[in-house]
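Residue numbers (our numbering), protein chains in the order written: chain A, 1 to 351; chain B, 1 to 381.
The set of hints was computed from the structure by calculation and includes no laboratory data.
Treat each hint with caution, since some may be false.
[As the list claims (entries may be wrong)] Computed far set for chain A versus chain B, every beta-carbon distance over 12 Å: (1) Asp-54; (2) Glu-91; (3) Lys-199; (4) Asn-224; (5) Cys-234; (6) Asn-236; (7) Glu-238; (8) Leu-247; (9) Lys-285; (10) Gly-336.
[To be verified] Calculated lysine-lysine pairs in the DSS-like style (CA-CA distance at most 30 Å, straight line): (11) Lys-173/B - Lys-13/B; (12) Lys-259/A - Lys-285/A; (13) Lys-223/B - Lys-2/A; (14) Lys-173/B - Lys-2/A; (15) Lys-358/B - Lys-285/A; (16) Lys-262/B - Lys-217/A; (17) Lys-76/B - Lys-229/A; (18) Lys-217/A - Lys-76/B; (19) Lys-220/B - Lys-259/A; (20) Lys-229/A - Lys-259/A; (21) Lys-2/A - Lys-192/A; (22) Lys-13/B - Lys-262/B; (23) Lys-13/B - Lys-2/A; (24) Lys-262/B - Lys-76/B; (25) Lys-259/A - Lys-171/A; (26) Lys-187/B - Lys-2/A; (27) Lys-43/A - Lys-173/B; (28) Lys-259/A - Lys-173/B; (29) Lys-226/B - Lys-36/B; (30) Lys-259/A - Lys-43/A; (31) Lys-285/A - Lys-217/A; (32) Lys-259/A - Lys-226/B; (33) Lys-226/B - Lys-17/B.
Predicted, not measured: the structure shown is a model, and the values here were computed from it.
Using N, Cα and C, we set each Cβ at its ideal position, and we do this for glycine too.
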Amino acid sequence: MKDIYIIAYAQNPILADAKAANEVELIMPVVHEVFRQTGLSQKDIDFTCSGSCDYLQGAAFAFVEGLSAIQTNPPIKESHVEMDAAWALYECMLKISSGDTESALIYGFGRSSPGNLDSIISLQTDPYYLSPLWVDRISYAALQANTLLQHGTISHDEMYDAIVESMEFAKSNPNALVSNAPSKEEYVAEQKLSTPLNKFDVAPVSDGASAMIICTKDFAKNLNLDHVKINQVCHNIESSNIGTRDLSTSTSLLDLSTKLNLTNLSVDIAELHSQYSHEIVFLKKLLGLDNTSVNASGGPLSGNVMMAAGLDCIGKTYEYLKSKDVTNGLAHATSGPCLQQNMLLHMERVK
Amino acid sequence: MIDAAVIGVGQTKYDSKRRDVSVGGLVREAIDNAMKHANVDWDAIDAVILGKAPDMFEGIMMPELSLADAIGAVGKPVLRVHTAGSVGGSTSVIAATHVTSGNFDTVLTVTFEKQSESNATWALSPKYPYSPHINAGAGGYFAPYMREYIRRYNAPENIGWIVAAKDRQNALKNPYAHLQIPNIDEKMVADTPMLWEPLRYLESCPSSDGACALVISNEKLAKGRKAAWIKGMAVRSEGTLSAGRDEVNPQGGQDCASDIYKQAGILNPKDEIDCAEIYVPFSWYEPMWLENLHFCDLGEGWKLTENGTTALDGDLPINMSGGVLSSNPIGASGMIRFGEAALQVMHQANEYQVDGAKLAMGHAYGGASQFFAMWVVGNER
């Protein structure tokens, strides 16, 4: 990849239920905010790409409605991924690397409140053998949590501690949806959704939107803005057949960390797209982040906008690198059951 | 920018119901054909890019997840594109961008639709909360645009019949084509019932099952072999409800075409481009797009159709393979156009090959005539 820089990021306050607010009303404020941060407008943007999923909105072509939130007259160079907007960012990075694009706008949005997220996400599974059984996302996650507990990779106490730490961090994140941790007694007494996971272990159903602007080095320099360099990015996917995967590890993430040469990289902070408490503990160990500040935003447990939460991990890393006295960050995005598809980005604050 | 070329095109037999294969089997059929055509194996594939129209058409959410094995993507990067009906075209562009970015040598891209496992008109007619319910389907949605075209340029009603008959006659030369209607002619089209004025039954595309795949590479694999070099590629989008939007001749389509002609150094598209596969799901879209793509002046498109310019033996053959009017697996329909354009310049279009084609165009559009993707491919780098 060419050298690519993040120069702006904005996130709506995460809501449990955005009620009558439509896609446009969710997206427009964050797009306006990234333009405000940079002094740019849509006409300064060479390429736009968004991430969303029709099924969350309950309507084919929901992304088309989203387009009404931005200036499209005259027509723009634009595309859409039916994925987390982290992959929309990736597409924009490819465009910039190709050399015909200097700047790109990315936005992601999702409203999970109108439907039943467990039923909807089960439509991601094999349509002939699994989807008719309505295997839900929490049961899938519980399968991996159990495997990790049985292997001794993680413990129940660590899962609880991860929740407490996330909620503590979330208290200083004005956009967080939840920031209250249960007491140990409440946690233990809480009814299981799917053993060993209860509602405190699971990211809350959330509505929201986020936006980001990335660009080339020259473009960023001309604007004279604080910027954060994306040093490296890579992503991959594992098998669809859950039975063939070793859930006690993540071959996908191990491959990606090898590609990044992560063990030899400096990482001061990390934002992980961990939608369950056990994933926080597991990923910290797997990626060697024991001594790193992880999910200082509160992470997905404090708010998890489907199709934007991966981009949010990148955006939050950018915000910390920009504002705190740290240099290097790691961001993670995921999709599919039990961390099937993953992306890792290594980012660096430019002095 | 790094040069990229199509080195493999793979298609399935298109049909109304491909009950013999699962969704995974369908995409794999196209992939196997593309990789065989390109003569590459899985080690050569660095990334997989999957595109399709709305997930609701099959009821499978984000199918790249459940298809990871079928598309050979395990351990590799996967990107999933959805840009409405233009998706087959924009997926081709994004796949090629993987190569032109310098990060990948060779990528596989595949698009599909299995309409028999769904009800597209249901999926196209959702009831949005807090919005009026249109319940139009695609034909009903686009018919007013066509009526406006006819009104503006006083086009005779048989133009649509000519396109419908011509594309189905071309399809008889293409074994992959879904509709194979022996002896089809203008009269047969004109005798079918009116669906959405001005469209009669045979002036509409079918609902098809099918998949299309391309292998795209840089010079590493494309050099010294038959390849379709990408001379220009672009996408454009415009909002559904932009004030002043001309749905008959959308600015996005015009800009996108001008962009690829500029990249390819084309000054006079009608004379320089040898043939084109353009997205014509309803008969009248042939003359409408001829004008939108700057092949002629406004109001002249229907005359090119009428005088035989767009026939297989005409000066500017359009939809030599039979086009969307003969096969319409929606998510793949755009990529089929892009792949058929590649086959023409590789001189491998068999029965419907345009003699000596050196430069060919692939075109796709989607949404409410608001998403556009195009490329021009050539036989030389």
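What are the numbers of the hints that this structure violates, sorted from low to high?
-> 1, 2, 5, 6, 7, 10, 14, 15, 21, 22, 23, 24, 25, 26, 27, 28, 30, 31, 32, 33
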